[in-house]
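Q: Chains Z and F are the protein sequences, given in the same order.
Residues in the first sequence are numbered consecutively from 1, following my numbering.
Residues in the second sequence are numbered consecutively from 1, following my numbering.
One or more of the hints may lead you astray.
Here are the in silico distance ranges between beta carbons for each label pair [to be verified]: (1) F:Q35 with Z:T157: 47 to 57 angstroms; (2) F:E289 with Z:K353: 26 to 36 angstroms; (3) Z:K338 with F:E14: 25 to 35 angstroms; (4) F:R196 with Z:K353: 50 to 60 angstroms; (5) Z:T34 with F:G162: 40 to 50 angstroms; (6) F:G162 with Z:D366: 35 to 45 angstroms; (7) Z:G243 with F:D304: 43 to 53 angstroms; (8) F:G303 with Z:K353: 19 to 29 angstroms; (9) F:D7 with Z:K353: 51 to 61 angstroms; (10) F:A45 with Z:R56: 50 to 60 angstroms; (11) F:N312 with Z:A48: 33 to 43 angstroms.
Under the rule of at most 20 angstroms between Cα atoms (straight-line distance), these lysine to aspartate or glutamate pairs were calculated in the EDC-like manner [as the list claims (entries may be wrong)]: (12) Z:K338 with Z:E319; (13) Z:K354 with F:D304; (14) Z:K354 with F:E330; (15) Z:K354 with F:D310; (16) F:K338 with Z:D366; (17) F:K364 with Z:D304; (18) F:K345 with Z:D310; (19) F:K338 with Z:D304; (20) F:K354 with Z:D304; (21) Z:K345 with F:E330; (22) F:K354 with F:D339; (23) F:K353 with Z:D310; (24) Z:K364 with F:E319; (25) Z:K346 with Z:E330; (26) F:K338 with F:D304; (27) F:K338 with Z:E319.
Keep in mind the hints are simulated off the structure, nothing from the lab.
The C-beta atom is built at its ideal place from N, Cα and C for all residues, glycine as well.
There are 2 protein chains.
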Amino acid sequence: MDRLWIDNAKDSPEAVVLIMAGGSGTRFWPLSRTQRPKQFLPLAAGGATLIQATARRFSGLRRKHTVVVVTAASQARLVAEQLPQASILAEPEPKNTAPCLAYAARLILERFGDVPVVAVPADHLIEQDDKLVEVFDSALDLADQDAILATIGIAPTGPETGFGYIKAGAVGKAGARAVEQFVEKPDRATAEEYLRSGNYLWNAGMFIWRPSVFLQAVKATLPELFPIVDKVGKEVINAERAGEVASQFKQITPISVDHGVMEKADNVVVFPGSGFSWSDVGSWDAWSEIASTRAGGPANVVGDNAFAVDSNGCMVSSEGGPLVALVGVEDLIVVSTKDAVLVCKKGDSQQVKKVIDLLRERGKTDLV
Amino acid sequence: MDRLWIDNAKDSPEAVVLIMAGGSGTRFWPLSRTQRPKQFLPLAAGGATLIQATARRFSGLRRKHTVVVVTAASQARLVAEQLPQASILAEPEPKNTAPCLAYAARLILERFGDVPVVAVPADHLIEQDDKLVEVFDSALDLADQDAILATIGIAPTGPETGFGYIKAGAVGKAGARAVEQFVEKPDRATAEEYLRSGNYLWNAGMFIWRPSVFLQAVKATLPELFPIVDKVGKEVINAERAGEVASQFKQITPISVDHGVMEKADNVVVFPGSGFSWSDVGSWDAWSEIASTRAGGPANVVGDNAFAVDSNGCMVSSEGGPLVALVGVEDLIVVSTKDAVLVCKKGDSQQVKKVIDLLRERGKTDLV
Chain Z
1 MDRLWIDNAK DSPEAVVLIM AGGSGTRFWP LSRTQRPKQF LPLAAGGATL
51 IQATARRFSG LRRKHTVVVV TAASQARLVA EQLPQASILA EPEPKNTAPC
101 LAYAARLILE RFGDVPVVAV PADHLIEQDD KLVEVFDSAL DLADQDAILA
151 TIGIAPTGPE TGFGYIKAGA VGKAGARAVE QFVEKPDRAT AEEYLRSGNY
201 LWNAGMFIWR PSVFLQAVKA TLPELFPIVD KVGKEVINAE RAGEVASQFK
251 QITPISVDHG VMEKADNVVV FPGSGFSWSD VGSWDAWSEI ASTRAGGPAN
301 VVGDNAFAVD SNGCMVSSEG GPLVALVGVE DLIVVSTKDA VLVCKKGDSQ
351 QVKKVIDLLR ERGKTDLV
Chain F
1 MDRLWIDNAK DSPEAVVLIM AGGSGTRFWP LSRTQRPKQF LPLAAGGATL
51 IQATARRFSG LRRKHTVVVV TAASQARLVA EQLPQASILA EPEPKNTAPC
101 LAYAARLILE RFGDVPVVAV PADHLIEQDD KLVEVFDSAL DLADQDAILA
151 TIGIAPTGPE TGFGYIKAGA VGKAGARAVE QFVEKPDRAT AEEYLRSGNY
201 LWNAGMFIWR PSVFLQAVKA TLPELFPIVD KVGKEVINAE RAGEVASQFK
251 QITPISVDHG VMEKADNVVV FPGSGFSWSD VGSWDAWSEI ASTRAGGPAN
301 VVGDNAFAVD SNGCMVSSEG GPLVALVGVE DLIVVSTKDA VLVCKKGDSQ
351 QVKKVIDLLR ERGKTDLV
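Just chain Z, same shape as in the assembly (with noise of 0.2 angstroms):
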C-alpha cells in the first residue's frame, strides 16, 4: 500500500477504541496462514472473525466512539475487507507494542485529539462482554479526568501458567487498583498461590488511556522511541510522507509496552474485569474447548460441513473446505481447506508448529 493511514472517521469522537492487529502466526494452520492470522479467523460466535468481534463489543460504549485499527502493511487489505468502517492505520514493520502503541497515540493525538483510547488486541476471544464494557466505560471516564496509564486486569478462573499476572494493591478512584506490579508467566505452584491470594489479575493486554499522557510515559521511559513517533505519528497522516515513515520506522528497537512502559511507569492503575469469558485462543486445543462449551458439551463439534459416525470428542472445522467425514474416531481435532488438512490430537495442537518447519523444509511455503 502506498498509504499508511486511511481516514473513515466521520466526526469528533469522545473516545477512540484502538485494535491491535499486528499478530502475525500460523498456530492455527491450516486455516491460518501468515498473511492470514487469527485475528482474521471466523472463530467468534455466529461466524464473526475475531477482529470484527472486538470491534462490535464495543458498540454498546457510553461514548461515541471511532474505531482505529492499527495493522501490518500487508494485512491492512484485510482489516478493510473485514472492518469498512474503521480507520486503518498501518505499520510498515512490526516492532512490538511499546512503538505501535506510541506510533498510534501520535496519530490519535494529531487527527482527534487528546481523547480517551481503550487499545484492545484484535485476536482474543470474549463472550459475555456486557460487564467489560462497563468496566471500560468507567475506565474512559477516569483516563479522561486524570493523568493514568490503566489497564484490565481479568480475575483469574484457574492456576493459569500461559499468562502473564498483575499484582493489584490499593483501590482508588471508580474501582481502579493501584499496581504493585507486573509478572513473567508463573509455574503451577506459584500460579495456585497467585489464585489463592485474590490479588493477582490476568495481564490481558488491554489498556485505556488518553494519547498524551502515554506519550509522556514513553517520552520518560523510552527516550529513543518517543522522537521516532512523535514524527512519525503526525507524518502518517499524510499520504506523500508513507515512504519516510517506513524509513523511520526501521530505526526502532521492538519492546513491548509491558516492559517498556508499564512496569516502569508509576501512574498505572488496573481495573479488575469479571463476569465474562475471555481467552487468548492460542491454539486449536484452546479452539476446541471454546468451540465444545459452546456447543454445550463434550460431544463432537462438526459444522454444517462434516459429520461424525461413531466417533466421540472430535473438533472439525470444514467451512470453505472438502466435507470432513470421521469414522470411528476419538478426540481429534481436524481442520479442512481447500489446499490442506491437518488431523490432530487433541492435546498435541502446540505440535502444529512443526508441520510448517516442516512444510517450510520442503518447500511447500504457498502453504505457510
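Given the structure of chain Z, go ahead and fit chain F onto it with the hints provided.
A: Leaving out everything else, chain F in the frame of chain Z:
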C-alpha cells in the same frame, strides 16, 4: 453413449483377454464415487489404476491376444481414458456376471471366432503375478483343445471368511483339477478346516473357456437367458442396434455365473494358482495393509502430498486432494480429495458405507 461396442482390435487374435469392469460401489469413498468405482482408482503399484494393472498383467501371455473390457455404459468413457487401446463392450444395465459373460462370449464369437477367452475382474490387486500368467497360458491351451469351463483357484494363505471356496478333486490334464463343489463364504472354523485339508481354493472369479463352450453351458443352465444374449451379442456390433440391445437387456434376470452356470455344469475344472499375492481390496483397511506391506513395514504410509508428526501406523491417500498433515495420531486412515475428506480408525473402514448413507440422507448426492 450411442455405441455399445467400440472396436479397437487390430488383427485376428489367438486369445481374448476379457476384463470385467462393471462393478460399482463406494467402499473407497471419498476416492471412489458411484461413477468412479474401485477399478478406476490408482491402487496398483506405481500409481496405475487397478484396471490398468489388470490389462498390463497379460503382456507376458504366450498367445497373441486382444483386450476387451465389458463395462457399464456409464463407465465406458473412463475405460477409454484409462485403456485407450482396449475394445469396449458396454452393458446397457448391470445384470450380474452370468449375463455379462454370456453377452461378451457371444460378441467375441461373432467378432473373433471361437478363440479361448480368459475373463478376469478389473478390480483385484495382484502382485508378483508371473506365476499367474503361466497358469493362464496353460489354461488357455487346454481350453482351446477341450470343452472345459476352467476357473482359477487360489491356494489359501489363511482361513479367510470373506471369499467363496472351490473344493478341488482329482488332478487331470495340464495340472487342472476336477471341481467337486463351489462353496459359499465359510465361518471361521470351517475356513480353518478348509485350510488344513489342502483341497479348498479361493474362488477368485477368473475364468477360461472358448465362447462356444461357455454359451453351450448357458443354454443348458439358463435357458431363458441364452436366446437373449445370442441375439444381443451379435447385434451389438452394429451401432444402429444399440437401442434394441438396451431394450432386450431389460428382460434379463440378474444372476451370478457361479450360481447360474458353474455350480451346475459338469465340465468345470480348476487351475490352482499360487506364488503371487492376490487381494480383492474390499476396503480401505485391505488397501492399507497392502500399502503398508509394499512400503516395507507398519510405519506411516503417507505418499508425497502428506506427512506425519509424532504419528504411527497411519495411512494417507491424498494425491489430487489437499495436503494432509498428521499430528500425534495413531492407526488412522485418512483420504483427502478436492471435495471430501475421510478420517477413519483402522479396522473401521467397513463403516464407510454409513457415511454414504448419511450423505444421501442429507442430499449431498454430488459427493456420493
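Q: For every hint, state whether the structure bears it out.
A: Taking the hints in turn, this is what the structure says about them:
1. F:Q35 with Z:T157: 47 to 57 angstroms: holds (54 angstroms)
2. F:E289 with Z:K353: 26 to 36 angstroms: holds (33 angstroms)
3. Z:K338 with F:E14: 25 to 35 angstroms: violated (52 angstroms)
4. F:R196 with Z:K353: 50 to 60 angstroms: Holds, at about 55 angstroms.
5. Z:T34 with F:G162: 40 to 50 angstroms: With a Cβ separation near 49 angstroms, T34 of chain Z and G162 of chain F satisfy 40 to 50 angstroms, so the hint holds.
6. F:G162 with Z:D366: 35 to 45 angstroms: holds (43 angstroms)
7. Z:G243 with F:D304: 43 to 53 angstroms: Given about 44 angstroms between the Cβ atoms, the range holds.
8. F:G303 with Z:K353: 19 to 29 angstroms: holds (23 angstroms)
9. F:D7 with Z:K353: 51 to 61 angstroms: holds (59 angstroms)
10. F:A45 with Z:R56: 50 to 60 angstroms: holds (56 angstroms)
11. F:N312 with Z:A48: 33 to 43 angstroms: holds (38 angstroms)
12. Z:K338 with Z:E319: holds (10 angstroms)
13. Z:K354 with F:D304: Given that 20 angstroms is the threshold and the Cα spacing comes to 18 angstroms, the pair holds.
14. Z:K354 with F:E330: Roughly 17 angstroms between the alpha carbons, so the hint for K354 of chain Z and E330 of chain F holds.
15. Z:K354 with F:D310: holds (10 angstroms)
16. F:K338 with Z:D366: Status holds; Cα separation ~17 angstroms.
17. F:K364 with Z:D304: holds (12 angstroms)
18. F:K345 with Z:D310: Given that 20 angstroms is the threshold and the Cα spacing comes to 10 angstroms, the pair holds.
19. F:K338 with Z:D304: holds (17 angstroms)
20. F:K354 with Z:D304: holds (18 angstroms)
21. Z:K345 with F:E330: Since the Cα atoms of K345 of chain Z and E330 of chain F sit roughly 9 angstroms apart, the hinted pair holds (cutoff 20 angstroms).
22. F:K354 with F:D339: This hinted pair holds, its Cα atoms lying about 18 angstroms apart.
23. F:K353 with Z:D310: holds (12 angstroms)
24. Z:K364 with F:E319: holds (15 angstroms)
25. Z:K346 with Z:E330: Roughly 9 angstroms separates the two Cα atoms, so the pair holds.
26. F:K338 with F:D304: holds (16 angstroms)
27. F:K338 with Z:E319: Holds. K338 of chain F to E319 of chain Z sits at ~14 angstroms (cutoff 20 angstroms).
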